[in-house]
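Asks: Kindly generate the complete structure, drawing on both the sequences and the hints.
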Amino acid sequence: MTTLVLAVALFLLANLAVALIAAARGPTAADGMLVALLIGTTGTGILVLLAPVMHLPALVDVALVLALLAAIGGIAFAKRAWQRTEGEHD
Amino acid sequence: MIEWLSMALLLVGAFFFFAGTVGLLRFPDVYSRLHALAKADNLGLGCVLLGLALQAESIAVALKLLLIWPLVMAASAGISFAIARRADRLGITPWRQERP
Amino acid sequence: MTLAFDLLLALSLLWTAWRTLATPRLDRALVLFIVFGLLMSLAWARLAAPDIGLAEAAIGAGLTGALLLDAYGVLRRRVRP
Numbered sequence: 001m002t003t004l005v006l007a008v009a010l011f012l013l014a015n016l017a018v019a020l021i022a023a024a025r026g027p028t029a030a031d032g033m034l035v036a037l038l039i040g041t042t043g044t045g046i047l048v049l050l051a052p053v054m055h056l057p058a059l060v061d062v063a064l065v066l067a068l069l070a071a072i073g074g075i076a077f078a079k080r081a082w083q084r085t086e087g088e089h090d
Numbered sequence: 001m002i003e004w005l006s007m008a009l010l011l012v013g014a015f016f017f018f019a020g021t022v023g024l025l026r027f028p029d030v031y032s033r034l035h036a037l038a039k040a041d042n043l044g045l046g047c048v049l050l051g052l053a054l055q056a057e058s059i060a061v062a063l064k065l066l067l068i069w070p071l072v073m074a075a076s077a078g079i080s081f082a083i084a085r086r087a088d089r090l091g092i093t094p095w096r097q098e099r100p
Numbered sequence: 001m002t003l004a005f006d007l008l009l010a011l012s013l014l015w016t017a018w019r020t021l022a023t024p025r026l027d028r029a030l031v032l033f034i035v036f037g038l039l040m041s042l043a044w045a046r047l048a049a050p051d052i053g054l055a056e057a058a059i060g061a062g063l064t065g066a067l068l069l070d071a072y073g074v075l076r077r078r079v080r081p
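Protein chains in written order, with the numbering used here: chain A, 1 to 90; chain B, 1 to 100; chain C, 1 to 81.
Mixed in with the good hints, there may be bad ones.
Covered stretches of chain A (chain C as the covering partner; in silico rule of three or more C-beta atoms under 8 Å from a C-beta of chain C) [claimed, not checked]: (1) 7-19; (2) 35-42; (3) 46-56; (4) 61-69.
In silico contact screen, one side only, chain A against chain B (beta carbon under 10 Å); selected entries [what the hints assert, rightly or not]: (5) Ala22; (6) Ile72; (7) Gly74; (8) Ile75; (9) Phe77; (10) Lys79; (11) Trp82; (12) Gln83.
Facing chain A, a subset of chain C residues (Cβ under 8 Å, in silico) [stated by the list, open to error]: (13) Thr2; (14) Ser12; (15) Leu14; (16) Leu21; (17) Gly53; (18) Leu54; (19) Ala61; (20) Asp70; (21) Gly73; (22) Arg76.
Keep in mind the hints are simulated off the structure, nothing from the lab. Even for Gly, the Cβ is constructed at its ideal location relative to N, Cα and C.
Replies: Okay, structure coming up:
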């Protein structure tokens with residue numbers, strides 16, 4: 001059982017790494033932010049999966065905080081930082 | 001029985017996460033990528049959380065795990081709405097397939 | 001499998017750190033900084049230090065990232081009205 005949980009965590013981390021490499025080459029700034037969104041969800045999943053593997057129930061709290069603060073970062077990006085740039089067309 | 005159900009839910013969750021990543025990589029514009037990400041990933045996270053809650057040792061731990069899901073869904077809906085509206089305001093037009 | 005997990009985590013952490021420093025565009029670098037914070041909190045969790053992971057997720061990725069993005073927006077508006 002623990003092996004399966006760890007395998008799923010490893011699979012999620014691989015997903016995350018692939019998306020990360022793709023995002024660094026994306027055309028617009030929004031691609032990067034979408035990856036931050038992805039990592040908020042996937043990171044929450046990985047932390048929740050690590051909690052029973054490592055016998056640390058406190059990791060669930062870390063996952064909660066991560067889910068909450070990824071939202072704050074995303075909102076700050078959309079409301080404040082993302083402005084028009086000249087050469088940027090999607 | 002519960003063990004098998006939990007394993008199946010974990011695998012289904014991993015599949016939905018994979019689908020979200022593929023959507024992020026393959027879809028053509030911001031709106032469709034946002035749609036793939038927000039829906040598939042949250043469903044995958046829900047499956048993983050349910051699978052882990054089934055094998056939690058106490059009812060309090062299971063409830064806490066299940067509490068993460070509504071929080072993540074609300075946060076994700078908020079961010080997706082903000083990003084999509086900002087993209088629309090910046091004049092990014094949605095992708096359309098060219099007619100042959 | 002634990003070793004594979006740790007290796008992948010460390011590699012992506014190093015890669016993100018390098019990209020954060022080497023990216024020419026500021027907005028991209030800020031997003032990568034947030035990603036770095038999230039990966040760092042995963043690394044702290046893997047090192048069996050959930051309290052530091054909590055602080056890293058809250059301060060490093062969340063608050064500092066949001067403040068930097070806000071500062072970037074203010075700068076952009078001031079430079080090019």
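Asks: So, for every hint listed, does it hold in this structure?
Replies: Here's how the hints hold up against the structure:
no., hint, verdict
1, 7-19, "holds (count 7)"
2, 35-42, "holds (count 4)"
3, 46-56, "holds (count 5)"
4, 61-69, "holds (count 6)"
5, Ala22, "holds, 5 Å"
6, Ile72, "holds, 9 Å"
7, Gly74, "holds, 4 Å"
8, Ile75, "holds, 6 Å"
9, Phe77, "holds, 8 Å"
10, Lys79, "holds, 6 Å"
11, Trp82, "holds, 6 Å"
12, Gln83, "holds, 8 Å"
13, Thr2, "holds, 7 Å"
14, Ser12, "holds, 5 Å"
15, Leu14, "violated, 12 Å"
16, Leu21, "violated, 13 Å"
17, Gly53, "holds, 5 Å"
18, Leu54, "holds, 5 Å"
19, Ala61, "holds, 6 Å"
20, Asp70, "holds, 5 Å"
21, Gly73, "holds, 4 Å"
22, Arg76, "holds, 5 Å"
Checked against the numbered hints above, the structure violates hints 15, 16; every other hint is satisfied.
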